Amino acid sequence: MENNTSDNLFAISYPSPKNSQRNSCNGTTTPEPIDQQNRPEWSNKLEFLMSCISMSVGLGNVWRFPFTAYENGGGAFLIPYIIVLFVIGRPLYYLEMILGQFTSRSSVKIWEISPLFRGIGVGQLVGTTSVVTYYVSLIAITLSYMFASFASELPWAKCEGSWGEHCVDSSAIIAHAGDRNKTVEQAVSSSQIYFLDIVLKEKSQIYDGIGSPDWKLSLWLLLAWAVIFLILVRGVRSSGKAAYFLAIFPYVVLLIILIRALTLEGAIDGVIFFVKPQWGELLNPKVWKEAVAQCFFSLAVGMGPIVMFSSFNNFKHNCHR
0 MENNTSDNLF AISYPSPKNS QRNSCNGTTT PEPIDQQNRP EWSNKLEFLM
50 SCISMSVGLG NVWRFPFTAY ENGGGAFLIP YIIVLFVIGR PLYYLEMILG
100 QFTSRSSVKI WEISPLFRGI GVGQLVGTTS VVTYYVSLIA ITLSYMFASF
150 ASELPWAKCE GSWGEHCVDS SAIIAHAGDR NKTVEQAVSS SQIYFLDIVL
200 KEKSQIYDGI GSPDWKLSLW LLLAWAVIFL ILVRGVRSSG KAAYFLAIFP
250 YVVLLIILIR ALTLEGAIDG VIFFVKPQWG ELLNPKVWKE AVAQCFFSLA
300 VGMGPIVMFS SFNNFKHNCH R
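Each residue of the sequence shown is one higher than the last, beginning at 0 in numbering that gives the first Met the number 0.
It should be emphasised that the hints constitute simulated quantities derived from the structure, not laboratory data. In this text the structure is predicted, and so the values were computed from the model without any measurement. Every residue gets a Cβ at the ideal spot worked out from N, C-alpha and C, and that includes glycine. Treat each hint with caution, since some may be false.
As the list claims (entries may be wrong) - The calculated EDC-like cross-link candidates involving lysine to aspartate or glutamate, where the alpha carbons are at most 20 Å apart (straight line), are:
1) K200 - E164
2) K315 - E40
3) K202 - D213
4) K240 - D213
5) K157 - E111
6) K200 - E264
7) K285 - E70
8) K275 - E289
9) K275 - E70
10) K215 - E201
11) K288 - E70
12) K202 - E264
13) K202 - E159
14) K108 - E152
Said to hold, decoys possible - Taking CB as the label site, the calculated pair distances span:
15) A156 - N313: 18 to 24 Å
16) W162 - L221: 27 to 33 Å
17) G265 - P114: 57 to 63 Å
18) E264 - Y134: 32 to 38 Å
19) V270 - L94: 46 to 52 Å
20) V226 - V270: 31 to 37 Å
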C-alpha cells in the first residue's frame, strides 16, 4: 500500500521511461512529462528570456535598490549584494527554472509531487496576487500623472489659490532650501498638495473616514487592469509578445532619467555622495540581510513567476545557457 501511494505521488512528473528525453539543462536523460505535448510553449527562446528580464526590471527596483544601497553603506553595499547574487540568488533562480521546465507545471501544481508542500504554492499565489494589486494601484496613479503632464503647464508645478497660504511652488522650495526661517519650515510644496489632495483626495484626519472612490482614479485603475487582461488573454502567445516591450522600455526610461539627472546642477556631487562607500557597514549583519532581501526581490525568487515562465519551455530547452 505504501509503495502504491508513493507511485501516485510521483506519477505527475515521472511517467513511463519510454517517453524519456535528454534534458539539456544538465545533460541527463529524464522522462518527459505526460502533459508536455498539450501545454503551450513560447514561440521562441527570446520570449522566455525577455519575460524573465521583465520580472527583474520594474518599479520596485528603480526606487528600492538606490534607497536600500544608500541606507546600507552606499557603494559598499554592492559587495554583499553581488556576493549574495552569485552564491544564493543565481542557484535558486536556476533551481526554479529547472523545476518548472522539468514538470511543465505552474508554481502551484508543481507541489502536487508532495501534498505536504502544497501550501508553498498556494502561499506563492497569494503573495504574488497581493503584490499585483499593489502595483496596479501605482500604475493607475502613474497613468493619471502621465496624461496630466500633457498640459501646457504642469498642474503640480505652481500653487492654486485654494491650496492655502503655506503652499509654495516646488521650484521655489528648492531655490530657498538654505533659508532657515519660519515660512520655509512650514511650507508645503505644490507637488505634495497636488498628490495628496487632488490625486489621492486624502483625508486629513482618521475620523473623516476613507471617503468614496475617486472616479478618475477608478477609471485609470480599470484601464490598468484592462491592459493586463489584454497581455494575458492568450497566455504565453500574447504575453511573450508583450515581453519585448516590458523588458526593453524600462531601460530606455532609466537611460533618459539618468541623462537628465546627470545634467542637473550638482549632479556629480550627488553621485559621489551616494556611491561613497562606508566600509564599516560591511561588518553589520543588517546590511547582509538587506542584500539578501534585495536580491530575492530583484530576481523574484520564491514568488513563483520563474517557475511559471520556465514551465512553458520545451522540455529540451537549454535553460542554463
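Evaluation of the provided hints:
1. K200 - E164: 19 Å, holds
2. K315 - E40: 12 Å, holds
3. K202 - D213: Judged against 20 Å, a Cα distance of about 13 Å means the pair holds.
4. K240 - D213: 33 Å, violated
5. K157 - E111: The given pair, whose Cα atoms are some 58 Å apart, is violated under the 20 Å limit.
6. K200 - E264: 34 Å, violated
7. K285 - E70: 10 Å, holds
8. K275 - E289: 18 Å, holds
9. K275 - E70: At roughly 12 Å apart (the allowed maximum being 20 Å), E70 and K275 satisfy the hint.
10. K215 - E201: 14 Å, holds
11. K288 - E70: 13 Å, holds
12. K202 - E264: 36 Å, violated
13. K202 - E159: 19 Å, holds
14. K108 - E152: Cα-Cα ~52 Å, so violated.
15. A156 - N313: 18 to 24 Å: 53 Å, violated
16. W162 - L221: 27 to 33 Å: 29 Å, holds
17. G265 - P114: 57 to 63 Å: 60 Å, holds
18. E264 - Y134: 32 to 38 Å: 33 Å, holds
19. V270 - L94: 46 to 52 Å: 37 Å, violated
20. V226 - V270: 31 to 37 Å: Given about 35 Å between the Cβ atoms, the range holds.
In terms of the numbered hints stated before, the structure departs from hints 4, 5, 6, 12, 14, 15, 19, listed from lowest to highest.
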